[in-house]
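Now for the letters of each chain:
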Amino acid sequence: MICGVVRDMLTGMKITAGYLFRRPITIQYPEQKPIIPPRWRGRIVLTSDPDGEDRCVACYLCQAVCPVQCIDLQAENRPDGRRGASRFDINFARCIFCGFCEEACPTYSIQLTPDFEMSTTARTNLLYHKEDLQISGTGKHPEYSYWKVAGVAIKGQDKGEGINQTAPADYRSNLP
Amino acid sequence: MSAKIKITVNGVMHEAEAGRNILQILLDLGIMLPHFCYHEALGAAGACRLCAAMISPGAGKPARLEMACMTRAEDGMIVDITNPQAVDFREKLIEELMLNHPHDCPVCDEGGECMLQDMTVLCRHQHRRNRFPKRTWRNQDLGPHIHHEMNRCITCYRCVRFYRDYALGDDLGVFGSRGRVYFGRMRDGALVSEFSGNLVDVCPTGVFTDKHFRAVYCRPWDLQTAPSICPHCSVGCNVLPGSRHKTLRRIKPRRNHTVNRFFMCDHGRFGGGFVNADNRLTSARFDGAGMSLDDAITQTAERLKEIVQTHGRGAVAAIGSPGASLEANAALILLMKTLEGRFAFFSTGAERAAHKRAAALIANGQVDTPSLPEVEQADFTLIVGGDITREAPMMDLAVRQTIRAGAPLFIISPQAGKLDAFAKAARHAALPEQAAIVSNIAQALDHALMTGQPDPFAGAAASALATAKRPQILCGATGAGGIALVDAAHSLVAKAVRPERPCRLVYWFPAMNSFGISLARNDESPDTIKQDVENGRIKALTILEHGASLDSEWPDDSKPMKSCFTIAVDAIAGKAATDADAVLPCASHYETFGTVMNYEGRAQRFEGLPLPRPVTWSSAEVLLKLIEALGAGEAINRTEYHDLFEIPATMSSLIGTLAPDSEGLLIRSTAAVREVVG
Amino acid sequence: MAQGVRTMSEIVLFKNIQKNGPELFPAGAAAIPACGYDDYVKNGGYQGARKALKMAPLEVQQVVKDSGLRGRGGAGFPTGMKWSFVPMDFKGQKYLICNCDEMEPGTFKDRALVYGDPHQLIESMIIAAYAMQMTQGFIFIRCEYRKGARILEQAAAEALNHGWLGKNIQSSGFDFHLDVHLSAGRYICGEETALLNSLEGKRANPRSKPPFPQVYGFLGSPTIVNNVETLCNLPHILARGAQWHKSLGLNGNAGTKIMGASGRVKNPGLWELPLGTPMREVLNEHAGGPSRGKSFKTVIPGGLSTPMMTPDQFDTPLDFDSVAKAGSRLGTACLIAFDEDDCMVAATANIMKFYMRESCGFCTPCREGIPWIYETVKAIAEGKGEEGDLAVLDDMARHIFHTFCAFAPGAQGPLLSAITTFRHEFEFLIQKSQCHTAGGAS
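Protein chains in written order, with the working numbering: chain A, 1 to 176; chain B, 1001 to 1678; chain C, 2001 to 2442.
No lab work stands behind these hints: they were computed from the structure. None of these values were measured; they are calculated from a predicted model. Among these hints, one or two may not hold up.
As the list claims (entries may be wrong) - With a straight-line cut-off of 20 Å between C-alpha atoms, the simulated SDA-like cross-links for lysine to any residue are:
no. : chain 1 : residue 1 : chain 2 : residue 2
1   : C       : K2353     : B       : F1132
2   : C       : K2209     : B       : M1054
3   : B       : K1495     : B       : A1468
4   : A       : K140      : A       : D49
5   : C       : K2051     : C       : K2246
6   : C       : K2384     : B       : R1131
Please build the complete structure, drawing on both the sequences and the hints.
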């Protein structure tokens, strides 16, 4: 029995001793920046369409799916026929970075980024408004444009001019 | 009670009412068989083909795939909705409906309460196999209320079945054939029906959506709602206002199978703007100085005491409002009792007399007043005393159901109305002359079989009335016709009633709670109060919710009330509140709770939206605070409704216990009290 | 024309209009002038009606019942039984409607009857109306038959002049008014309830049955809708008796039937033949065999809405029950023939295009399903077929059956038989992107 105890102790010490001769994995943050995988679920952004307009169509799905209710928004109808969010707030003091909002988003607008450096000294600074969340690029899915497939007429794209749509039907005609 | 049949559904035997189709029975049993075109009010059409189930006429007989809505239930039928063939058929059907359905759910206002979404999930259709382009449509501009997005249509025909067949409108139709069926108007333009808003509700997808809600859109699951009553007319439709953050977003009908069962009119649906209005009163004012409501109440109480001491009894008066709840008006009467003042209600003396007479006839059980579903059952209708389409639109819709069933309609109205097109005969006469025409009909009824009537209209109406089995007379007790018209209608009904055949009589009123305040004890004519205010005899006047009273004639700018101290308890900065010396703001109708009585004397309870309101108290609460500030707090606890109103003591306590989702309580003064508390 | 093959015992319907031999009626029917009143009477016209007016209405019904006449519009429902559903004690107006909305592709038999012998139809309607005491009749005629409508109107005016229409016809005390209504031009108007809606000025959507039109039809009154050919048999049945009519057919079938052939046959046209004539005889003896020297691949027996029949079924007698036993339907008995060089995929695409265009758009499987089928078949025919396409066609072909009316099941007939019988052609096209035949679309 004694032998067993000694053997276990020696095994453990051997493993410990082995680490003495390896390179340390600790990095000197913040001087040294860690490498974060691209699918890291960090700070939330609102991306733009390839044509530079808001991708968010204010469908409220992110707000509905959010388990901590940290998202609040208000829809508006724009003169160009699009719908968007007139107000989009995320309370990062509440956010748990679960990524549900990104999964729920039908337009790839809301995306989580590999950025976690959001610490601040005041709680109110963690309430991000639309302008704080918006980025100018498309983020992931650079080609996708919701309005091209929605079937809704917007400025510059009439009914039937989207992807995989026929020109507006004429019910007064029976021609093929 | 109709006959019962036995029907087996998914292996379980159920008892059901005979003469209905299988889908109705399944839905009543709480078994969700997917469907689109069937609607409880509109019936089955057989267009969508979604409610397929394996149906066998009896044990041992082969089951066939049938549409449940097109199959009349017979005794011994066996229905299997889980059969793989039926499940597969429904899944394929949804696949077909989705072939051309656009990818716009994220921007569709129906999302969250969309039947197509629900049915797609229920039928487990997930994978799109169609690789061909989607059909698109151009939309139409359907006016200020309804947004049209034709791409979303699944061609269930519900819209035209409601608009044309149910509501008898003619400016929305179905065009084209095959895969190009289009629902819309001949050309762009506003829908003219008073019931166009119901298209939003009957459309199972987002073809017709509410334009006002669209402007301030949020998902229906985020709406906070409260069971309420529409404040716009005396029908008392049950509604469900929805709010979010600080504003009212939309109003939908709420089912009450004794009042409005499925629908509501556009006036009620789109007439909630006063809640979000810019001219809402948000702060209290006393003698021109802004202050907290508590301070304003204290100072007002002090001033009232002074006036009573200085000028004695009768120097204080109040005017109540038919647009305010029973509670608010009761508090106002109690305030006057405390101060030994006088009170009246908005409107004119003649109109009030007519209201009081009609309400008394109903409350005393001297007339048989039908509920809205009962109005639909009549086989003869005479409308007199106003334009029902404007003054009680939902009653107009109920009358349209009698027209659909082929019942004759006679109209006596001040001017041409929309129902005239369906009337057997319509007579246009000024309101004061209408009592004489009604009397003519009563006279003609005595000689119904005589030929050579002097008045062909009266003769035709009388002979139709004489042969009808369930006749009804709808009489406007709104005012100008006066007490004479109310009495004329009553005596016509009294003449038409036979032991084997009741003749029903509706008096409709100008405002939501006209019936309730007409039961008040000891109120004066508003004319005398107004005169006494103008000639300086009244030194202090409390005005309750003038904004909702429909009395825009008074106060009259040409006759200033300088010598009178006016107190306005109101939600909206109308004429009375702007000129008042003391302004006590209160919450608006949809933000408060209370009780109102509709045209049939049905007391209905409503709840308020949980909005973060600019002011916290209802008008009733404000007035009770004022009574407390006068040091008469104990009177509040002592007083019951039957002390202030002509209501039996038994009912008085029941009113306090009414639940907002009940059928309400029919207020009757006789011993033969009908208890209908749900 | 081989005279020896004639199996006809008697020419009945074409009596007044036969020109080129005993039973051949050429496809160019419109070229033949209509038989006028005098000629019609000279050939024994209005004898049936004269006889009927002397009988009691119920006796007339009984004669029709005994004659074994079955509806010639396609369904083959016994006419006498259909009539017996009309409540004779009904007080109000009852209506008789002649369904001349002949829009079935490949079918042109009613046109021959209307264009050639309008008085025969008018006499028939008088008999039917008298049998059911209907005082108002309508002829609902296809909008492309404008000339036919004019011919009928002219004939009706003649009949009115000679006291066969209007009040108290032939002093019998019976009134009968006849109007010709030109259809607005939809295939679905040929469906009897859609026809009623169309006649009432409503959308031509079929109505749900029950109630059947015999009880609740035009404007809610009892209404009988009969096909032109069905009605045209009546004068002859009345004039010569039920037993005579029964003896006309072969194999126990009653009466004659106008049979036609079109497509890949040498002599397309119409022939009046005994009900029960074998299909092979019609194709080879009357229609002269295949037109391009190739052998027949398939035949659609009754207009377009019936399943295809293959050469091994060509011995089937053309009567309602035998064709049904062979897995198809007699329909209008106007055959559409295809030969070996025809691409059945392209033909199916063509057929589906017709059904897609003519759907009334009321119920979902028909409105949405058929366009999808058409797009898919068209893509295959154009060589753009994909792997899952046949699975879609299989699913949809079985799906479009449970619809509001018989229109989509009518589309299902040719489709289902095409994708089962000629599945190899579909598979070949999907794999090789070209048709295995040299010929193009039919």
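Taking the hints in turn, this is what the structure says about them:
1. K2353/C to F1132/B: At roughly 15 Å apart (the allowed maximum being 20 Å), F1132/B and K2353/C satisfy the hint.
2. K2209/C to M1054/B: OK: K2209/C and M1054/B at ~19 Å, within 20 Å.
3. K1495/B to A1468/B: holds, 14 Å
4. K140/A to D49/A: holds, 11 Å
5. K2051/C to K2246/C: Since the Cα atoms of K2051/C and K2246/C sit roughly 19 Å apart, the hinted pair holds (cutoff 20 Å).
6. K2384/C to R1131/B: holds, 11 Å
When each numbered hint is compared with the structure, no violation occurs for any of them.
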